[in-house]
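Colleague: Since the structure of chain A is already known, use the hints to place chain B on it.
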Amino acid sequence: MAMTELLLDPTGMEEGAQDSTLSPRPVSLKGLTIGLLDNTKPNATLLLEEIGRLLQRHYGAGESKLYTKDYFGTPAKDELLDRIADEVDFVITAVGDCGSCSAASVADGILLERRGIPTASITSDSFLPSGEAMARVMGFPGFDFYAVKHPVASLSSEEIKDRAQTALPELLRILGVEE
Amino acid sequence: MAQVTDPAVVDAAFKEFADMVANDGYLLRWTPDDDEKLVVTIDAGPDACADCLVPLPVMESILSTALEDTPYTLSRVVLPEGEGH
Chain A
0 MAMTELLLDP TGMEEGAQDS TLSPRPVSLK GLTIGLLDNT KPNATLLLEE
50 IGRLLQRHYG AGESKLYTKD YFGTPAKDEL LDRIADEVDF VITAVGDCGS
100 CSAASVADGI LLERRGIPTA SITSDSFLPS GEAMARVMGF PGFDFYAVKH
150 PVASLSSEEI KDRAQTALPE LLRILGVEE
Chain B
0 MAQVTDPAVV DAAFKEFADM VANDGYLLRW TPDDDEKLVV TIDAGPDACA
50 DCLVPLPVME SILSTALEDT PYTLSRVVLP EGEGH
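Keeping their order, the protein sequence lines are chains A and B. Going by numbering that gives the first Met the number 0, the final residue of the first sequence carries number 178, and the count climbs one at a time with no gaps. Going by numbering that gives the first Met the number 0, the final residue of the second sequence carries number 84, and the count climbs one at a time with no gaps.
In case anyone wonders, no lab produced these hints; they're calculated from the structure.
Quick look at which bits of chain A chain B covers, simulated, 3 or more residues with Cβ under 8 Å:
1) 88 to 99
2) 119 to 129
From chain A, some residues computed to sit far from chain B (all C-beta separations above 10 Å):
3) L53
4) G59
5) E78
Pairwise CB distance ranges, derived in the manner of DEER restraints:
6) A/R172 - B/A7: 36 to 42 Å
7) B/T64 - A/E169: 21 to 27 Å
8) A/D161 - B/E82: 34 to 40 Å
9) B/T40 - A/P150: 24 to 30 Å
10) A/S156 - B/E82: 30 to 36 Å
11) B/Q2 - A/V26: 56 to 62 Å
For glycine and all other residues, C-beta sits at the position ideal for the given N, C-alpha and C.
Chain A extracted, bound-state conformation (with noise of 0.2 Å):
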């Protein structure tokens, strides 16, 4: 009996799309809900959680959520970017600190875009080319997402804090925050 296997595309290319624009940018983010996409790999959530906090505190963000992928070496189900399109208004996903979880953190970046959701996507620098490489192999040349410094998984708490912190700047301008 022939048997059939599902396949991930690891670029999430099924549909070809080739869309480069930016979804509309929130300016401010007074209110507005927060997405984290965790790709489960270590200190993701707690790095995520950390910046969730600093955008409540220092800029009025709203609601946090953090949703969970299935497997961080590819991007997110469909079923799961649908979810969160539906259910906030901007999104951070993090963290890519190896080849295959950074070209896929950088991947849900572009794809929750193209859902209408401004995204921040996080790999380390070591892994930069990668990312850089899948927003090629998207369609989206050029699409910016922020570098953290490698390593991510072996800190402590109070180092992913600084992390969270040093991060904030340039997450807020991707975001296109004003204020």
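Modeller: Same frame as chain A, but now just chain B:
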């Protein structure tokens, strides 16, 4: 067998990518396919992270871009056994 006249040019072009995959425990080597085409082989080191390797289309994009300023082009990439990206 084909020869590459200036291997240092190729090594320099691939260095950033080689350093990147080394972070996940993989090693890059290359061989000439013909005079101006290169075969890149990725080998898994003893501590390679099994699920961390850059997806093949992304890898091909990085390697092809890296060769743009050299006389060479990418022929194909050979992945470690079991890496079916």
